[in-house]
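Q: With these hints in hand, go ahead and build the complete structure from the sequences.
Going down the list, the sequences are from chains A and B.
Note that the first sequence ends on residue 122 in the working numbering; no numbers are left out.
Note that the second sequence ends on residue 111 in the working numbering; no numbers are left out.
Honestly, the hints are just simulated from the structure, not real lab data.
Do not rely on the hints blindly, as some may be mistaken.
Said to hold, decoys possible - Restricting the straight-line Cα-Cα distance to at most 27 Å, the calculated cross-link-like pairs of lysine-lysine (BS3-like) are:
#, chain 1, residue 1, chain 2, residue 2
1, B, Lys47, A, Lys28
2, B, Lys68, B, Lys107
3, A, Lys54, B, Lys47
Remember, it's a predicted structure, so these values are computed and weren't measured experimentally.
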Amino acid sequence: QVQLVQSGAEVKKPGASVRVSCEASGYKFTDYYMHWVRQAPGQGFEWMGRINPKSGGFQYAQQFQGRVTMARDTSISIGYMELSSLTSDDTAVYYCAKGARELDPRGSFDPWGQGTLVMVSS
Amino acid sequence: QSVLTQPPSVSGAPGQRVTIPCTGSSSNIGAGYDVHWYQQLPGIGPKLLIYDTTNRPSGVPDRFSGSKSGTSAFLAITGLQAEDEADYFCQSYDITLSGSVFGGGTKLTVL
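A: And the structure:
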């Protein structure tokens, strides 16, 4: 079945960077966008951006531009999201999600990874 | 501040019908983009409930339905059950932002 498995929880100090990985299985990795979404404690979802696994092209949400980098390794069907210059406001659960429509950014997200808690604390 | 607006909470008694609105603008829902809905149970990642405004993935009961009118979309839940108590989020695409946008979420309480 289609599945996304993320890396484990991270604790980082302010100013540091964090990289979260997302391993895809059960579908052709290069045919669907991988999106990254975060959810701060008690808050809603915030879309961070997407990567086209086929081309490596990306679109980042404006509020993360300059701080986020999305990448992929098609040989092992893994996507990566790196966020730099962390502050306490970046404490959140970070999710990867597969776009439902083939290389179309307007579709739903299904499935989602299990989430990765990133805690930023001094 | 979420781009799509949802009420923070709604409630209903078992067996009743509730509707959760999701209001956007002319750059997202009003531009004709589909709306998708997710259910999130406490401590668990989101589950796709409605895709492409009106469609249910396999396994989602037909008690859940979606619709759209103008710049708003709606999630209706009929025959409320205790297991429906969860947070519900809407999502669409925004042409101005060139990306996906979410509602702030609505907590459903089954009385």
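Q: Run every hint past the structure and note whether it holds.
A: Verification of the hints:
1. B/Lys47 <-> A/Lys28: holds (21 Å)
2. B/Lys68 <-> B/Lys107: Answer holds: B/Lys68 to B/Lys107 is near 20 Å, not above 27 Å.
3. A/Lys54 <-> B/Lys47: With Cα atoms ~26 Å apart, A/Lys54 and B/Lys47 stay inside 27 Å; holds.
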